[in-house]
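A.B. asks: Okay, here's what each chain looks like letter by letter:
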Amino acid sequence: MSHRSFSILKRVITHHPNSSHLLSFQRSVTYMPRPGDGAPRPVTLIPGDGIGPLVTGAVEQVMEAMHAPVHFEKYEVHGNMKQVPQEVLDSIRKNKVCLKGGLRTPVGGGVSSLNVQLRKELDLYASLVNCFNLPGLPTRHENVDIVVIRENTEGEYSGLEHEVVPGVVESLKVITKFCSERIAKYAFEYAYLNSRKKVTAVHKANIMKLADGLFLESCREVATKYPGIKFNEIIVDNCCMQLVSKPEQFDVMVTPNLYGNLVANTAAGIAGGTGVMPGGNVGADYAVFEQGASAGNVGNTNLVEQKRANPIALLLSSAMMLRHLQFPSFADRLETAIKFVIAEGKYRTKDLGGDSTTQQVVDAVIAALD
Amino acid sequence: MASQLVRRLARSRLDGILSSSSPNPSFFNRSFSSESNLIRATLFPGDGIGPEIAESVKQVFRTADVPIEWEEHYVGTEIDPRTQSFLTWESLESVRRNKVGLKGPMATPIGKGHRSLNLTLRKELNLYANVRPCYSLPGYKTKYDDVNLVTIRENTEGEYSGLEHQVVRGVVESLKIITRQASLRVAEYAFFYAKAHGRERVSAIHKANIMQKTDGLFLKCCREVAEKYPEIVYEEVVIDNCCMMLVKNPALFDVLVMPNLYGDIISDLCAGLIGGLGLTPSCNIGEGGVALAEAVHGSAPDIAGKVCIKETLILYS
Chain A
1 MSHRSFSILK
11 RVITHHPNSS
21 HLLSFQRSVT
31 YMPRPGDGAP
41 RPVTLIPGDG
51 IGPLVTGAVE
61 QVMEAMHAPV
71 HFEKYEVHGN
81 MKQVPQEVLD
91 SIRKNKVCLK
101 GGLRTPVGGG
111 VSSLNVQLRK
121 ELDLYASLVN
131 CFNLPGLPTR
141 HENVDIVVIR
151 ENTEGEYSGL
161 EHEVVPGVVE
171 SLKVITKFCS
181 ERIAKYAFEY
191 AYLNSRKKVT
201 AVHKANIMKL
211 ADGLFLESCR
221 EVATKYPGIK
231 FNEIIVDNCC
241 MQLVSKPEQF
251 DVMVTPNLYG
261 NLVANTAAGI
271 AGGTGVMPGG
281 NVGADYAVFE
291 QGASAGNVGN
301 TNLVEQKRAN
311 PIALLLSSAM
321 MLRHLQFPSF
331 ADRLETAIKF
341 VIAEGKYRTK
351 DLGGDSTTQQ
361 VVDAVIAALD
Chain B
1 MASQLVRRLA
11 RSRLDGILSS
21 SSPNPSFFNR
31 SFSSESNLIR
41 ATLFPGDGIG
51 PEIAESVKQV
61 FRTADVPIEW
71 EEHYVGTEID
81 PRTQSFLTWE
91 SLESVRRNKV
101 GLKGPMATPI
111 GKGHRSLNLT
121 LRKELNLYAN
131 VRPCYSLPGY
141 KTKYDDVNLV
151 TIRENTEGEY
161 SGLEHQVVRG
171 VVESLKIITR
181 QASLRVAEYA
191 FFYAKAHGRE
201 RVSAIHKANI
211 MQKTDGLFLK
221 CCREVAEKYP
231 EIVYEEVVID
241 NCCMMLVKNP
251 ALFDVLVMPN
261 LYGDIISDLC
271 AGLIGGLGLT
281 PSCNIGEGGV
291 ALAEAVHGSA
301 PDIAGKVCIK
311 ETLILYS
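Chains as they are written, first to last, in the numbering used here: chain A, 1 to 370; chain B, 1 to 317.
You may find that some hints are simply not true.
With a Cα cut of at most 30 Å, we get these calculated DSS-like pairs of lysine-lysine [what the hints assert, rightly or not]:
| hint | chain 1 | residue 1 | chain 2 | residue 2 |
| --- | --- | --- | --- | --- |
| 1 | B | LYS248 | A | LYS346 |
| 2 | A | LYS225 | A | LYS185 |
| 3 | A | LYS225 | A | LYS246 |
| 4 | B | LYS123 | B | LYS141 |
| 5 | A | LYS197 | A | LYS177 |
| 6 | B | LYS213 | A | LYS177 |
| 7 | A | LYS82 | B | LYS220 |
| 8 | B | LYS123 | A | LYS198 |
| 9 | B | LYS141 | A | LYS350 |
| 10 | A | LYS307 | B | LYS195 |
| 11 | B | LYS123 | B | LYS143 |
Restraint ranges, calculated between C-beta atoms of paired labels, are given here [what the hints assert, rightly or not]:
| hint | chain 1 | residue 1 | chain 2 | residue 2 | range |
| --- | --- | --- | --- | --- | --- |
| 12 | A | SER195 | B | GLN181 | 48 to 58 Å |
| 13 | A | LEU160 | B | LYS195 | 32 to 42 Å |
| 14 | B | TRP89 | A | SER195 | 18 to 28 Å |
| 15 | A | GLN86 | B | LEU119 | 49 to 59 Å |
| 16 | B | TYR74 | A | ASN194 | 49 to 59 Å |
| 17 | A | LEU160 | B | LYS58 | 43 to 53 Å |
| 18 | A | ASN238 | B | GLU93 | 30 to 40 Å |
| 19 | A | GLY345 | B | LEU163 | 19 to 29 Å |
| 20 | A | LEU172 | B | ASN126 | 21 to 31 Å |
| 21 | B | ASN249 | A | ARG93 | 36 to 46 Å |
| 22 | B | GLU231 | A | LEU193 | 55 to 65 Å |
| 23 | A | PRO138 | B | ASN148 | 55 to 65 Å |
| 24 | B | GLU227 | A | SER329 | 44 to 54 Å |
| 25 | B | TYR74 | A | ASN232 | 34 to 44 Å |
To be clear, the hints were calculated from the coordinates, so they are not data collected in a lab. The C-beta atom is built at its ideal place from N, Cα and C for all residues, glycine as well.
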């Protein structure tokens with residue numbers, strides 16, 4: 001069976017335009033670990049709300065099947081709690097890595113979003129979403145391979161709102177040089193370490209001259225330190241327009257908080273949907289991996305009852321996590337298996353055009369692991 | 001052949017715009033009304049490619065026998081002290097009188113001591129809603145063929161209030177203001193437009209899970225207005241979901257109403273879906289029934305002298 005899958009994979013790879021990702025499994029130079037690197041690493045796991053428990057269950061099953069050197073410490077957190085429990089934060093601080101499902105924020109309920117709270121507490125200042133075409137999944141746009149790096153702590157999501165007089169509400173958007181600089185530095189460092197050629201800053205500085213102007217200045221300063229990487233700027237409305245007509249022109253995009261949300265979701269949509277895009281949040285000390293875009297979207301009750309949620313996004317994010325933990329061969333195996341299942345097309349959930357359940361997709365991925 | 005198609009569409013679009021601008025119920029039917037009295041409209045040809053496009057518009061309307069009389073106004077070369085900009089008081093008065101206008105692209109000359117021309121028009125005429133219908137054009141193939149939606153964007157407040165200041169060195173604050181009055185106004189217009197054009201659904205786009213008080217106020221106003229129109233389906237969509245749904249399946253949306261910033265981004269996204277800013281009509285609605293249709297694109301001084309497809313957008317406006 002593995003021989004057959006190997007030949008199918010080879011065919012898939014040679015047809016894939018950007019096959020450099022998949023060629024890594026034909027590794028010629030081996031990864032030499034330090035003694036003791038194989039000891040199982042503890043990772044905090046937060047199932048979350050809605051489809052969260054379903055998809056994190058899927059990840060647990062796949063990790064078991066691979067005998068991956070991670071073991072999960074599960075904690076229950078729900079979106080309607082006032083704040084993230086202290087024990088969860090302590091566990092993440094100890095383990096440094098966390099995998100989570102979505103936390104649903106009640107709309108207009110007066111409770112601040114727990115997703116945002118977690119990011120602020122742990123100072124996870126960069127949110128990364130990788131949007132790329134999966135081979136075999138038909139979409140309207142080809143050649144999409146965009147990474148959106150979004151500032152995660154300030155900007156429009158500062159949460160500072162007040163009612164001036166009845167009927168007039170003000171919301172503060174705060175941009176600081178400190179945060180803009182560090183997100184720009186992270187974006188260029190990411191591009192440098194991943195051999196990316198271009199970084200694009202997304203802004204609206206023609207209208208918000210001071211705020212987005214400060215963001216742009218910081219990006220320009222950091223760009224001078226990386227002469228090998230091209231840097232350009234684009235206004236956010238033009239950016240969205242270009243994304244839906246010519247997405248192949250974008251490589252790495254760095255954005256402030258709100259625009260990043262919109263751009264990441266648009267890019268995820270054109271490349272196949274938020275059900276398949278991996279992503280994570282990272283700070284100086286900790287990393288939290290979750291479904292790429294739309295972390296607050298935990299699906300409707302229908303999806304949960306019928307168990308038809310798409311686990312691909314979280315599975316790919318867990319592959320990202322394995323790479324982050326420096327287990328490259330496990331990450332490669334998982335990624336190859338997932339891409340094989342999607343390319344084959346037999347087991348796809350509703351948002352990709354099929355009608356399988358979560359469990360069927362998970363079983364297919366486990367079967368495809370060699 | 002193209003001109004016939006354009007003529008037919010121009011007729012129906014003009015009726016659409018006229019019916020949306022005046023509350024007179026006799027304009028609600030979409031058949032071509034043969035009015036014996038002429039409609040007077042103000043025309044600002046604008047800069048760059050503006051005059052060429054304006055000429056084409058006048059030509060097509062003449063051939064289609066549309067009963068319109070144009071009052072042309074050009075942007076002056078010196079600042080009018082009454083309006084603090086290059087637009088003269090007479091131009092503004094003419095728009096206020098005629099209630100209908102058509103504006104070509106205007107380049108704001110860089111200098112000091114005057115307001116941008118678009119900003120002047122918006123503030124003086126109190127244009128509070130920007131309406132952009134986005135239809136997939138049958139002759140122009142893009143990756144999306146089934147787009148048929150209208151975006152209505154609040155035009156005066158929100159994130160574009162222009163109130164920014166530097167608190168300390170390295171920290172900048174920008175104010176986003178949402179008022180009940182402006183939100184009610186644009187929501188009223190959105191539902192009125194939906195009803196007048198036989199649209200079935202209005203979706204309010206927001207980010208109220210994060211910006212609870214500001215977008216929460218906007219949503220509350222939309223809900224209040226929705227109750228007055230029980231035959232129109234009303235829904236609320238978070239903006240990140242909306243972006244994703246728009247690029248995956250634009251047929252899901254009908255009329256979208258949203259605050260200023262989201263409106264800017266979403267309306268340009270929808271323009272991208274149908275083929276770009278050159279093909280998108282746009283109309284600004286002001287208080288007292290003023291309607292100013294405009295060209296969405298810039299003045300493009302580098303391609304002045306070449307006729308391009310962008311003229312179709314003014315015709316559809």
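A.B. asks: Starting from the hint list further up, note which numbers the structure goes against and sort them upward.
C.D. replies: Hint check: 4, 8, 10, 11, 14, 19, 23, 24 fail, others pass.
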